[in-house]
Amino acid sequence: MPKVVLEKVSKKFGRITALNEINLMLEDGEYSCILGPTGSGKTTLLKIIAGLVEPDSGDVYIDGRRVTGTPAETRNAVYMHQNYALFPHLTVSQNIIFGLTARGFSEEDARRKVSEVLEIVRLREWADAYPRELSGGMQQRAALARCLATGARLLLLDEPLGALDARLRLEVRRELSRIAEELNLTVVHVTHDQSEALSLADRLILMRNGKIVQAGPPEEVYFKPNSIFSAYFVGESIFLEGIIRSVNGRNVTLELKNGMAIEALSDDSFNMGELAVAAVRCEDIEVGGGPLTGSLKEVNFLGSFAKLVFELPRGLKIIVNIPLSRFIKEEFRIGASFQLSIPREKVHLFKPPSKGLAGEIEAV
Amino acid sequence: MPAVETRKTIGLKKVWSRIIARLDKLSEKKTVVYSLYFASIIFFLGIILLPSLLGILLKLDTAMSVLSDPELLKRSFSAIFSSVILASIVSVLDVVTGLPLAWVIARKKYRWLSIVDSLVDFPLIVPTVILGYSTLLLWCEETPFSIIGFNGISPGFITVLLLHFAFSYPVVVRILVGKLLDIEATYEVAARTLGACSFTTARTITIPMLKSGIIASLILSFARSLSETGATIMVAGSFENGPVFIKKSIDAGLVPPMVFVSLVLIVFSILILAGLRLFGFKLKIPFRKSYRIEAALSVERVTRLRDASAIIIFLFLVFLPACFMVLSRMHLMLSSSLLGEIFTLQGAWFTYWVSVLNSYVIGFLTTLINIVFTLPMATIIVRRKLGGLVSRTLEALSTTSIIMPSVALGVSLSLFWGTTGVSDFILVLLAHLCITYPYMVSTMVSVLEDIPVELEEAGRTLGGTPFKVFRSIVLPVAKYSFLSGVILTFTRSVNETGATLAVSKTFKTVSVLLVEWVKAPGMKVEAGAGTMVLMLLSIILLVIFRYIYTKGGGGVA
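Order-wise, the sequence lines are chains A and B. Letter 56 of the first sequence, counting from 1, is numbered 56 in the working numbering, and no numbers are missing. Letter 157 of the second sequence, counting from 1, is numbered 1157 in the working numbering, and no numbers are missing.
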């Protein structure tokens, strides 16, 4: 039962803090995706679980056993590198056998296991090929087979789909999720691609600057972002700054910089006259019948949906994603004036960040 | 009988695999790994660095007496100055003439190039002293160029220059070919399609990318020229550089001038090498402008001329001196009954074969011990196991002995170990360890640097212990550079004379014996035959070694 627990794990590289007191618990059989921008500490976290990097402080537990300081090869956790790290001088099956003999399999058992995992990743005909003879997607599957063969139930994947083209990425994504489920693996998957994280994860862990910003089921992170950063990094949102003008129970009114106002729901944490930032998903904004008026500046057709950019007085920009069905029904003429509305339950209110809104988002 | 044999081999295999398993298990323990690191540092300090320096440093007080003798002081400084000037000229010449040949080998696709490619290594297997003697014959005493009116020059600065050029050139070409092959041709193609002619492309794209290789070549040839003793003396005539001066003062029984010159040379070269490392990398080659002459230099007729002259320079100034002694004695050897005597193991030839055995035993032990101790050292340096500062310091220190004149190194070692009463065999072994250590460390460092760290990481998380990862991943992936390091160390040990002579008067390696033969009257034919046999042996050994090595790799061991 590979259950992974991290307790107050910190790691510095020189003056750079890669991880800052991380606490994390991953359940057995759970598929977790660690999502975050470059330099947020994702890979370091993964390597610390694998035992390739030792934390400066804090502890790592796998299966309830404290593994801090133990060598990587004893942890029964396989780490798959972004560029697969297939051994170039060995064939696919020799690559797989490496991990098996390392774990003391007999030659016969090892052979059986090789054909078994090659079957799973559908690479049977390529057993005797060298890594350089394989395409990117096949290399990825070979590396995965090599991990699976060891029998390790904890799989640590560092950007496993990063080197694949968009179409292949979708295909392998499905494959990964099927294999993880079939073999009941505990998987930690690092990525900076939000759609990958959203579609694969049982639990999504959002990281920034060496800290976990938000962790939970992907739907929760998506629908209930707990910070401006969450709203910014997962999904597509616009941010509106303003002042709270009225508070009526949970209903508050936010006056925007250009004088227009929107309604929102809030917990008790906001008072009259306070500054706030509203985050709204681009697909939650409705075109027509609202308190905001703007003129259409840009139309981008993106296949299954269309992106409309409206300009409001005082340079305020609002981006709206509308479904294709609506886009082909109506006429969206550039320069025309439109009414925009935002349902109050779709507005997420946050305290203004200390660095300013631009600082908070652009620092990513 | 075969049944017994198979049983025996099976038994051996079992023992072997048990040893391997045991080592695998051991390498898992941190204490074991760290004691290995610790041992390698102790070995380096206690066997390599301190004895090489301490022997000299202990006599430091006597060196001061040189300062009070103006005549001696003047001679010392003139020798030091000559050494530095000579080494500078040699290293620059090496790179300037070596680069075109390296370029031809790495980039052109003529079929006959593979021959040139293997000929480049050939001078490496000729003992340096023999190369010196051969140089002397070729350019001074028995020059074959008399048929075109060249009657030879007298030994002096020019002959020393020719000699140093000949023995450092192959190494420089090897380094540059390796680096050139690492630079993908795509950059050059990109530059050419952007409109740059081939000369401009080389100057602005390839050579800047080659900088580390060029600096390494400069350092190595500079250091080799500064430290070579045995062959230099042979061709020096009245010319006197540092090592020649040191050798002369040792022969005269004078320790103070030797200590003085060695120290100044060491300090000088450390400064120069550090400067080259620090500023060499900062040096920028101008790349904004393209000069009109470059287009003219890129015309095919000109490039052909350049390629041809590179090959001619190599053939006449490097290859011919390397084999001239054997060539010039070939007719004598063939006409006498000598060839039959060689294998009779009688008289002089008995001594010869004993010395060959001595050389190979010393060479083998030197290589083996160096591998064992330089590997953990290289790991510390490359993977920064003990922190960046320790790594950098060790890296700088580990190459120090490369610049010590080999005679001075030998004398220092015998001063250091002499009082302990160790046998001559051990003394020679210690000397060879000191001399080859820097080559081995730098090879191992480059081996480890070339291995992507993710391959090791993958091996570890798949369950491989450090030792297993090393022997079935690191070693096979890096086998060619590893092999060249082993060959370099082994041949360097077999060809060494200066330090060997300094530490022992009785223990004779084959190179030392050949020097004696060359100097002895009436042994000239034997010296030629002995050299030829040694060269043939080296070639056979290299071929066998290469075969075992390529056969051994590949599978999961």
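Do not rely on the hints blindly, as some may be mistaken.
Below 27 Å or equal to it, Euclidean Cα-Cα: the simulated BS3-like pairs (lysine-lysine) are [said to hold, decoys possible]:
# : chain 1 : residue 1 : chain 2 : residue 2
1 : B       : Lys1211   : B       : Lys1479
2 : B       : Lys1025   : B       : Lys1013
3 : A       : Lys113    : A       : Lys224
4 : A       : Lys12     : B       : Lys1030
5 : B       : Lys1385   : A       : Lys12
6 : B       : Lys1479   : A       : Lys3
Since the hints were derived computationally from the structure, they do not count as laboratory data.
Evaluated hints:
1. B:Lys1211 x B:Lys1479: Holds, because 24 Å separates the two Cα atoms, which is no more than 27 Å.
2. B:Lys1025 x B:Lys1013: holds (18 Å)
3. A:Lys113 x A:Lys224: Violated, at roughly 44 Å.
4. A:Lys12 x B:Lys1030: OK: Lys12 (chain A) and Lys1030 (chain B) at ~22 Å, within 27 Å.
5. B:Lys1385 x A:Lys12: Cα-Cα ~16 Å, so holds.
6. B:Lys1479 x A:Lys3: violated (40 Å)
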